[in-house]
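S.K.: Chains as they are written, first to last, in the UniProt record's numbering: chain F, 1 to 395; chain D, 1 to 395.
Any given hint could be a false lead.
Identical chains blur together in the list; that is why a pair holds if it fits in one copy or across any two.
[Stated by the list, open to error] Only pairs whose alpha carbons sit at most 25 angstroms apart, straight line, appear in this in silico SDA-like list of lysine to any residue:
1. Lys61 x Leu36
2. Lys90 x Glu69
3. Lys4 x Lys187
4. Lys77 x Tyr65
5. Lys49 x Leu282
6. Lys308 x Lys342
7. Lys133 x Arg11
8. Lys13 x Phe139
Since the hints were derived computationally from the structure, they do not count as laboratory data.
For reference, the chains in residue letters:
2 protein chains.
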Amino acid sequence: MAIKYANRMERMKASEIREILKLTLQPDMISFAGGLPAPELFPVEEMKKVAVEVLEESGEKALQYSTTEGFLPLREKIAQRMNKFNINAKAEDILITSGSQQGLDFTGKIFLNPGDVVICESPSYLGAINAFKAYECKFAEVPTDDEGMIMEDLEKILEKTPRARLIYVIPDFQNPTGKTWSIERRKKLLEIASKYDLPIIEDNPYGELRFEGEIPPSVKAFDTEGRVVFLGTFSKTFCPGLRLGWVCASKELLEKYIFVKQSADLQTSTIAQIELNKFLELYDLDKHVEEIKKTYRKRRDLMLNTMKDNFPKKVKFTYPEGGLFTWVELPDGIDAKELMKKAIEKKVAFVPGGSFFPNGGHENAFRMNYSNMPEDKIVEGVKRLAEVLKEELGK
Amino acid sequence: MAIKYANRMERMKASEIREILKLTLQPDMISFAGGLPAPELFPVEEMKKVAVEVLEESGEKALQYSTTEGFLPLREKIAQRMNKFNINAKAEDILITSGSQQGLDFTGKIFLNPGDVVICESPSYLGAINAFKAYECKFAEVPTDDEGMIMEDLEKILEKTPRARLIYVIPDFQNPTGKTWSIERRKKLLEIASKYDLPIIEDNPYGELRFEGEIPPSVKAFDTEGRVVFLGTFSKTFCPGLRLGWVCASKELLEKYIFVKQSADLQTSTIAQIELNKFLELYDLDKHVEEIKKTYRKRRDLMLNTMKDNFPKKVKFTYPEGGLFTWVELPDGIDAKELMKKAIEKKVAFVPGGSFFPNGGHENAFRMNYSNMPEDKIVEGVKRLAEVLKEELGK
Chain F
1 MAIKYANRME RMKASEIREI LKLTLQPDMI SFAGGLPAPE LFPVEEMKKV
51 AVEVLEESGE KALQYSTTEG FLPLREKIAQ RMNKFNINAK AEDILITSGS
101 QQGLDFTGKI FLNPGDVVIC ESPSYLGAIN AFKAYECKFA EVPTDDEGMI
151 MEDLEKILEK TPRARLIYVI PDFQNPTGKT WSIERRKKLL EIASKYDLPI
201 IEDNPYGELR FEGEIPPSVK AFDTEGRVVF LGTFSKTFCP GLRLGWVCAS
251 KELLEKYIFV KQSADLQTST IAQIELNKFL ELYDLDKHVE EIKKTYRKRR
301 DLMLNTMKDN FPKKVKFTYP EGGLFTWVEL PDGIDAKELM KKAIEKKVAF
351 VPGGSFFPNG GHENAFRMNY SNMPEDKIVE GVKRLAEVLK EELGK
Chain D
1 MAIKYANRME RMKASEIREI LKLTLQPDMI SFAGGLPAPE LFPVEEMKKV
51 AVEVLEESGE KALQYSTTEG FLPLREKIAQ RMNKFNINAK AEDILITSGS
101 QQGLDFTGKI FLNPGDVVIC ESPSYLGAIN AFKAYECKFA EVPTDDEGMI
151 MEDLEKILEK TPRARLIYVI PDFQNPTGKT WSIERRKKLL EIASKYDLPI
201 IEDNPYGELR FEGEIPPSVK AFDTEGRVVF LGTFSKTFCP GLRLGWVCAS
251 KELLEKYIFV KQSADLQTST IAQIELNKFL ELYDLDKHVE EIKKTYRKRR
301 DLMLNTMKDN FPKKVKFTYP EGGLFTWVEL PDGIDAKELM KKAIEKKVAF
351 VPGGSFFPNG GHENAFRMNY SNMPEDKIVE GVKRLAEVLK EELGK
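Chain F extracted, bound-state conformation (with noise of 0.2 angstroms):
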């Protein structure tokens, strides 16, 4: 049997990555690698309770199709949560995804052509590059400093790529590297995509999850144009589990995430959206949110004190304000999934950076995650972690 694929399933390989994340699902395996959050943290007596109620009060429309937009009552709350990022929307603005990997998915479909191009922070979100490349893109990695993407390069880069599609960023606690962007670069990317004419997909996992500070506008608080296309998502706030996500957008670019989520898979689950919505009318998500930040700011303290007390100086990282994950950078020639097998063996695990680089190169660092350990296993992860660290590169 030769059974002929699309082209873009020779894009779609089985990653080296993958395979070794398996590993890590090892039960006494100490894994920095997913972006889980807290499973302690999950609201689980709060969901009894809703569950109950949503099938009491409307279990049939709960079990039933419903449109492929989204249950009314969510959008409109989603819609009012959007001015913790300075937007104002409406709930006609917002489409509820399966989870915000599916607006990825999206995004790729409703912008991109084979051999159109991407521009992206370099690094970039691993899940992101991989739901584009199924739509045979390029990637033009556009180089960040600490206040996120460097202007002058992406000027440099869009005047040279013609076929640039679509500008896709992470500017709050950017995975994978935790930086967040100064406000001068959000307000000047929007002026270079006005520019060039080209959408921003504004991907917002995290960044109800600052720890310090106030949360800045996001990119799209500044857009006149309606050219930026935001991403959201409850995995980080809420849990993951139900696959809640949403597309916030102007109604000519949410009518074609609308199209193709109506052909992808309908709609998102009913009984899932209508115990979401229970939930904020029952209980405080704000209040819930300020838990996971208490838990994670102390992961994240003491993950970042053990990995500066104990790893080689030529060791670098991140002190991100917020969201999951910190950066780690080691000497030139280090190859970090080499470093990672070695890791393997000790029980501990994180995730290579190389594969944040849809072009290749980079193999010299790696994300670590502080949100899903508990803190007895983040002190002795990064202390194994210390011992490769230093019989690679001394002290």
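Given chain F, work out where chain D should sit, using these hints.
M.R.: Using the frame of chain F, we list chain D on its own:
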């Protein structure tokens, strides 16, 4: 602003039908348009118990991320249930999807380059046509009779269609016609697919809802080469609101679906999967399906008898042995879209047939659903429709 979209978006416009269907949401409308199950049969009480038990026993797990492939105990149970269709499957042959619509979307993504040809029944399922269209394919429609696709026509079409890439069929209670393929045709289809080395996508959402006789072996039951992809769903036997479907395929093919799922939405809802698994442990789904069949059989009989007694004699329709739909054929020259407007005025709705023919034409037919409306509304709705038909066609 003149943002560029992917070429595929030119084919994904708001359908005329979708606009008409919005009218069917009026509360006093008798709608035979959708493919909705009867909500009064949903196991609401059982789901209350299930939801509470799942959250008590494994709340943290149910609300967390999980694997792309799906919850293993559920995959095992689905594999077992495939016996109903004479398929001998193992858990590893099953991928859980967000409804079977997602399986259709993935099929397009896996097999279709722009300009490739999908071979399908004429007419075929609207949602599949739209899912495939997003991958810029063409369609070759194969004529059908009461035993399924006409195999001589299929061969003739394949001979002159070098870019044929997959054969899409709904052999049990076809959507929209309600017809079921003979066993001979199923075997012959495999023989021809083997000769041309094409994958077969067997979409089977209704097969278990058989009111008379035995479930015939599926096409996949005769598949010795692993070329049949079977798409299943719990939307019609359990409830659609949880969005739970599956793909059953050989290792090589299923692997592709898993890659595509990973980048499309990471995974299907963890809690929905664990809940369904719990439901299958606590309750007898087959017994529940018997209840559904009893109700739908009654409704089918009522609809068909009322049609027989009241529709003009020139109007023909199918006698499905199960599933949700009957297919009504009008004399040449009558446009069901025009008829629909008049029906809507009388507060009764159906889906005009043209949309089920990807290459157009055949406007003189429409699809009627008998699962969703209660008995009194079926009688009243069919009578109103008969009036519209008599006004157009005479008695």
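S.K.: Decide, hint by hint, whether the structure agrees.
M.R.: Outcome of the hint check:
1. Lys61 x Leu36: between (31 angstroms within a copy, 12 angstroms between copies)
2. Lys90 x Glu69: within (13 angstroms within a copy, 36 angstroms between copies)
3. Lys4 x Lys187: between (46 angstroms within a copy, 22 angstroms between copies)
4. Lys77 x Tyr65: For Lys77 and Tyr65, both the intra-copy (21 angstroms) and inter-copy (24 angstroms) Cα distances are at most 25 angstroms.
5. Lys49 x Leu282: both (9 angstroms within a copy, 21 angstroms between copies)
6. Lys308 x Lys342: Answer is within: at 21 angstroms inside a copy they meet the 25 angstroms cutoff, but 75 angstroms across does not.
7. Lys133 x Arg11: Intra 7 angstroms, inter 22 angstroms, cutoff 25 angstroms: intra and inter.
8. Lys13 x Phe139: within (18 angstroms within a copy, 28 angstroms between copies)
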